[in-house]
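Student: Listed below, chain by chain, are the residues.
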Amino acid sequence: MRLRAVLTGVALGASLTVSPAFASERPAAVETCLGCHGIKGYKNVYPTFPVPKLGGQSAQYILDALRAYAENTRPHSTMHANAVTLSEEQKQAIAAWFEAQGREEQDQ
Amino acid sequence: MKIANRSILAVTAAGLLLVGTAQAGDPELGRTKAAPCAACHGEDGMGTAPNFPVLAGQYAGYLVHVLKQYRSGERENALMAPWVAELSDADIADLAAYYAAMQGLVVPEL
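Going down the list, the sequences are from chains A and B. Following our numbering, the residues of the first sequence are numbered contiguously, the last one being 108. Following our numbering, the residues of the second sequence are numbered contiguously, the last one being 218.
Watch out, some of these pointers could steer you wrong.
[Stated by the list, open to error] The list that follows gives simulated cross-link-like pairs (lysine-lysine, DSSO-like), each with its CA atoms no further than 30 Å apart: (1) K141/B with K176/B; (2) K141/B with K91/A; (3) K141/B with K43/A; (4) K176/B with K43/A.
[As the list claims (entries may be wrong)] Restraint-style ranges between C-beta atoms, simulated for each label pair: (5) D134/B with S77/A: 27 to 37 Å; (6) A81/A with L218/B: 37 to 47 Å; (7) H76/A with C148/B: 35 to 45 Å; (8) W191/B with E25/A: 31 to 41 Å; (9) N72/A with A189/B: 36 to 46 Å; (10) T156/B with E104/A: 37 to 47 Å; (11) T85/A with L137/B: 36 to 46 Å; (12) T32/A with T140/B: 19 to 29 Å; (13) A193/B with E25/A: 23 to 33 Å; (14) D197/B with K40/A: 19 to 29 Å; (15) V84/A with E182/B: 13 to 23 Å; (16) Q90/A with D197/B: 21 to 31 Å.
[Claimed, not checked] Reference excerpt, derived from the structure (chain A facing chain B, CB under 8 Å, subset only): (17) L34; (18) K40; (19) Y46; (20) P47; (21) K53; (22) Q57; (23) Y61; (24) R67; (25) A70; (26) N72; (27) T78; (28) Q101; (29) R103; (30) E105.
Don't read these hints as lab results, they were simulated from the structure. Cβ atoms here follow ideal geometry from the backbone N, Cα and C, with glycine treated the same way.
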């Protein structure tokens, strides 16, 4: 079981590292995400909190989050409704695209 | 009885005021409190491994929401649970303010 998890991780890592070419082009599936995640200061309601920034977020983390939302192990009704419709390939493309959007430089 | 009601009102009003200002954390206090977080999330908030999220530049209000979800158990996570169990609301606000003040995550423009 653990070996399988490790192998899956390795396979995923490989597929994520070979995808920068298509990460630069915006996947169609990202359009829906940007309805909330592409608006600065956009708020989730009930409860009210800012929708998280995803530009520059780790692709692996986003992928893990999308899977957890789809499986309902991470609770959020809107994210579940969206994630459950996505194929594994779409989840990976979305994750890679957001990571590739870069981060603000740190002054150090 | 009237006086008691008035006291309850006053206490409730004070409580509401506190709730209203609860999210204004102190990033300098947050820096000290974040020492254990750095092992996974990095000194720079960028994460030390791909499965650990970047926190630098994230909205404070989102970080507060997430930390409280971990603390209540609404969001289950074996790695995070022990770290947040003893955090006060003030601790959470300070940590959130600290990471939010860093340069990092961006909102992709359409």
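Student: So, for every hint listed, does it hold in this structure?
Tutor: Against the structure, the hints:
1. K141/B with K176/B: holds (16 Å)
2. K141/B with K91/A: violated (34 Å)
3. K141/B with K43/A: holds (27 Å)
4. K176/B with K43/A: Holds, at about 17 Å.
5. D134/B with S77/A: 27 to 37 Å: Between D134/B and S77/A, where Cβ atoms are some 33 Å apart, the hint holds.
6. A81/A with L218/B: 37 to 47 Å: Check failed, 22 Å falls outside 37 to 47 Å.
7. H76/A with C148/B: 35 to 45 Å: For H76/A and C148/B the Cβ distance comes to about 22 Å; the hint is violated.
8. W191/B with E25/A: 31 to 41 Å: holds (38 Å)
9. N72/A with A189/B: 36 to 46 Å: At 19 Å between Cβs, range violated.
10. T156/B with E104/A: 37 to 47 Å: violated (19 Å)
11. T85/A with L137/B: 36 to 46 Å: Once the Cβ atoms are compared, 42 Å apart, the range 36 to 46 Å for L137/B and T85/A holds.
12. T32/A with T140/B: 19 to 29 Å: violated (40 Å)
13. A193/B with E25/A: 23 to 33 Å: The hinted range 23 to 33 Å is violated for A193/B and E25/A, with Cβ atoms some 43 Å apart.
14. D197/B with K40/A: 19 to 29 Å: holds (26 Å)
15. V84/A with E182/B: 13 to 23 Å: This hint holds: roughly 19 Å between Cβ atoms.
16. Q90/A with D197/B: 21 to 31 Å: violated (38 Å)
17. L34: holds (6 Å)
18. K40: holds (5 Å)
19. Y46: violated (12 Å)
20. P47: Hint holds; P47/A Cβ to chain B Cβ min 7 Å, cut 8 Å.
21. K53: Interface hint status for K53/A: holds (4 Å vs cutoff 8 Å).
22. Q57: At about 5 Å, which falls below the 8 Å cut-off, the nearest Cβ of chain B leaves the hint on Q57/A intact, so it holds.
23. Y61: With a closest approach of 4 Å, the Y61/A hint holds.
24. R67: violated (12 Å)
25. A70: violated (15 Å)
26. N72: violated (11 Å)
27. T78: violated (14 Å)
28. Q101: Since chain B brings a Cβ to about 4 Å from Q101/A, closer than 8 Å, the hint holds.
29. R103: Check passed: Cβ of R103/A comes within 5 Å of chain B, closer than 8 Å.
30. E105: holds (6 Å)
Taken one by one, the earlier hints fail for this structure at numbers 2, 6, 7, 9, 10, 12, 13, 16, 19, 24, 25, 26, 27, listed in ascending order.
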